[in-house]
Amino acid sequence: NAGVTQTPKFRILKIGQSMTLQCTQDMNHNYMYWYRQDPGMGLKLIYYSVGAGITDKGEVPNGYNVSRSTTEDFPLRLELAAPSQTSVYFCASGPTYEQYFGPGTRLTVT
Amino acid sequence: KQEVTQIPAALSVPEGENLVLNCSFTDSAIYNLQWFRQDPGKGLTSLLLIQSSQREQTSGRLNASLDKSSGRSTLYIAASQPGDSATYLCAPYSGNTPLVFGKGTRLSVIA
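Protein chains in written order, with this note's numbering: chain A, 1 to 110; chain B, 1 to 111.
Certain hints may be false.
[What the hints assert, rightly or not] Calculated lysine-lysine pairs in the DSS-like style (CA-CA distance at most 30 angstroms, straight line):
1) B:1 <-> A:44
2) B:42 <-> A:14
3) A:9 <-> A:57
4) A:14 <-> A:44
5) B:103 <-> B:42
6) B:42 <-> A:9
7) A:57 <-> B:1
8) A:14 <-> A:57
9) B:103 <-> B:68
10) A:57 <-> B:103
11) B:103 <-> A:44
[As the list claims (entries may be wrong)] Some chain A residues flagged as far from chain B (calculated, every beta-carbon gap over 10 angstroms):
12) 1
13) 11
14) 13
15) 17
16) 18
17) 51
18) 53
19) 68
20) 69
21) 78
22) 95
23) 98
24) 99
25) 107
[To be verified] In silico negatives: residues of chain A with every beta carbon more than 12 angstroms from chain B:
26) 12
27) 63
28) 73
29) 80
30) 82
Calculated from the structure, these hints are not laboratory results.
Glycine included, C-beta positions come from ideal geometry on N, C-alpha and C.
Sequences and hints are given; from them, build the entire structure.
And the structure:
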């Protein structure tokens, strides 16, 4: 199993651009999560999903959108990128509360 | 709202020392608590999961304890090695919301 894969690994965006961060898991997990991690600030939950077609907001959802059309994929969309969205983004999945993390996407908005 | 505090924020020890990392949480009504490890530039790896009915969980040189009533968990690392250098995070699970993570303890083990 590949586990949780994220693409791209790195990305630089200009202010106002949009992009989609991809996340795929091959463990047939129902639960999937998107976090951002800023230096010294810990992990903050952006959105999560408990199954295909079901998503819910986390602690910091503003400026992001998600969709969950399949069990395997949980893409995160950034619209109108802002410097405050510079961060490392982690996707995770799990059967319930246990979570398995992807390697992360480092995003810089300038 | 669950709040998680990890003390110390950073720790540097010589190789071979035994050490304790602390995690405290405000809502003691948890189902379980997980300890994770994060290497620089990497994602998180789950180390140990303690159910609320357990007091301890062990994996190799790692031992995690849970005192739900006082809102505390500790991660004990025996005979530390340079390869243990990483950031360690704890995350209690309350059942009605996803995991809440502490900010972590950054550990450096000096050879």
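Structure-based check of all given hints:
Our distance criterion of 30 angstroms between C-alpha atoms is met by residue 1 of chain B and residue 44 of chain A, whose separation comes to about 14 angstroms. A C-alpha spacing of about 25 angstroms is found between residue 42 of chain B and residue 14 of chain A, which places the hinted pair at or below 30 angstroms, so the restraint holds. Proposed proximity of residue 9 of chain A and residue 57 of chain A is supported: the alpha carbons are some 24 angstroms apart, at most 30 angstroms. Straight-line distance between C-alpha atoms of residue 14 of chain A and residue 44 of chain A comes to about 23 angstroms, which keeps the hinted pair within the 30 angstroms bound.
The suggested pairing of residue 103 of chain B with residue 42 of chain B holds, with an alpha-carbon distance near 15 angstroms, which does not exceed 30 angstroms. About 11 angstroms separates the Cα atoms of residue 42 of chain B and residue 9 of chain A, which keeps this hinted pair within 30 angstroms; it holds. Among the hinted pairs, residue 57 of chain A with residue 1 of chain B is consistent with the structure: their alpha-carbon atoms are about 15 angstroms apart, no more than 30 angstroms. With a C-alpha separation of about 25 angstroms, the suggested pair residue 14 of chain A and residue 57 of chain A falls inside the 30 angstroms cut-off, and the hint holds.
Restraint check for residue 103 of chain B and residue 68 of chain B: satisfied, since their Cα atoms lie roughly 20 angstroms apart, inside the 30 angstroms limit. A C-alpha spacing of about 21 angstroms is found between residue 57 of chain A and residue 103 of chain B, which places the hinted pair at or below 30 angstroms, so the restraint holds. For the hint pairing residue 103 of chain B with residue 44 of chain A, the CA-to-CA distance comes to about 10 angstroms; that is within 30 angstroms, so the pair holds. Non-interface call for residue 1 of chain A relative to chain B: holds, since the shortest CB-CB distance, roughly 15 angstroms, exceeds 10 angstroms.
The beta carbon of residue 11 of chain A sits about 15 angstroms from the closest Cβ of chain B, which is more than 10 angstroms, so the claim that it is off the interface holds. Even its closest Cβ contact with chain B, about 20 angstroms, leaves residue 13 of chain A beyond 10 angstroms, as expected for a residue assigned away from the interface. Chain B leaves residue 17 of chain A outside its interface by the beta-carbon criterion, the shortest separation being 24 angstroms against a cut-off of 10 angstroms. At the 10 angstroms boundary, the C-beta of residue 18 of chain A stays outside the reach of chain B, the nearest C-beta of that chain being 24 angstroms off.
Residue placement check: residue 51 of chain A keeps its beta carbon more than 10 angstroms from all beta carbons of chain B (closest about 14 angstroms). Look at residue 53 of chain A: its CB is around 18 angstroms from the nearest CB on chain B, clear of 10 angstroms, so calling it non-interface holds up. Chain B leaves residue 68 of chain A outside its interface by the beta-carbon criterion, the shortest separation being 15 angstroms against a cut-off of 10 angstroms. For residue 69 of chain A, the requirement that its beta carbon stay farther than 10 angstroms from each beta carbon of chain B is met, with the minimum near 21 angstroms.
Every C-beta of chain B lies more than 10 angstroms from that of residue 78 of chain A, the closest at about 19 angstroms, which supports listing it as non-interface. At roughly 12 angstroms, the least C-beta separation between residue 95 of chain A and chain B is larger than 10 angstroms, which holds for a residue marked as non-interface. At roughly 7 angstroms from the closest C-beta of chain B, the C-beta of residue 98 of chain A falls inside 10 angstroms, breaking its exclusion from the interface. Once the 10 angstroms rule is applied to beta carbons, residue 99 of chain A is inconsistent with being away from chain B; the minimum gap is 6 angstroms.
With a closest Cβ-Cβ approach of about 14 angstroms to chain B, residue 107 of chain A is found to remain outside the 10 angstroms limit, as its non-interface label requires. The beta carbon of residue 12 of chain A is kept farther than 12 angstroms from every beta carbon of chain B, the shortest such distance being approximately 17 angstroms. Annotated as non-interface, residue 63 of chain A keeps its C-beta farther than 12 angstroms from every C-beta of chain B; the closest such distance is 19 angstroms. With a minimum CB-CB distance of about 18 angstroms to chain B, residue 73 of chain A clears the 12 angstroms threshold, and the non-interface call stands.
Remark: the non-interface label on residue 80 of chain A is consistent with the geometry, its nearest Cβ contact in chain B lying 26 angstroms away (cut-off 12 angstroms). No Cβ of chain B comes within 12 angstroms of the Cβ of residue 82 of chain A; the nearest lies about 23 angstroms off, and the non-interface call holds.
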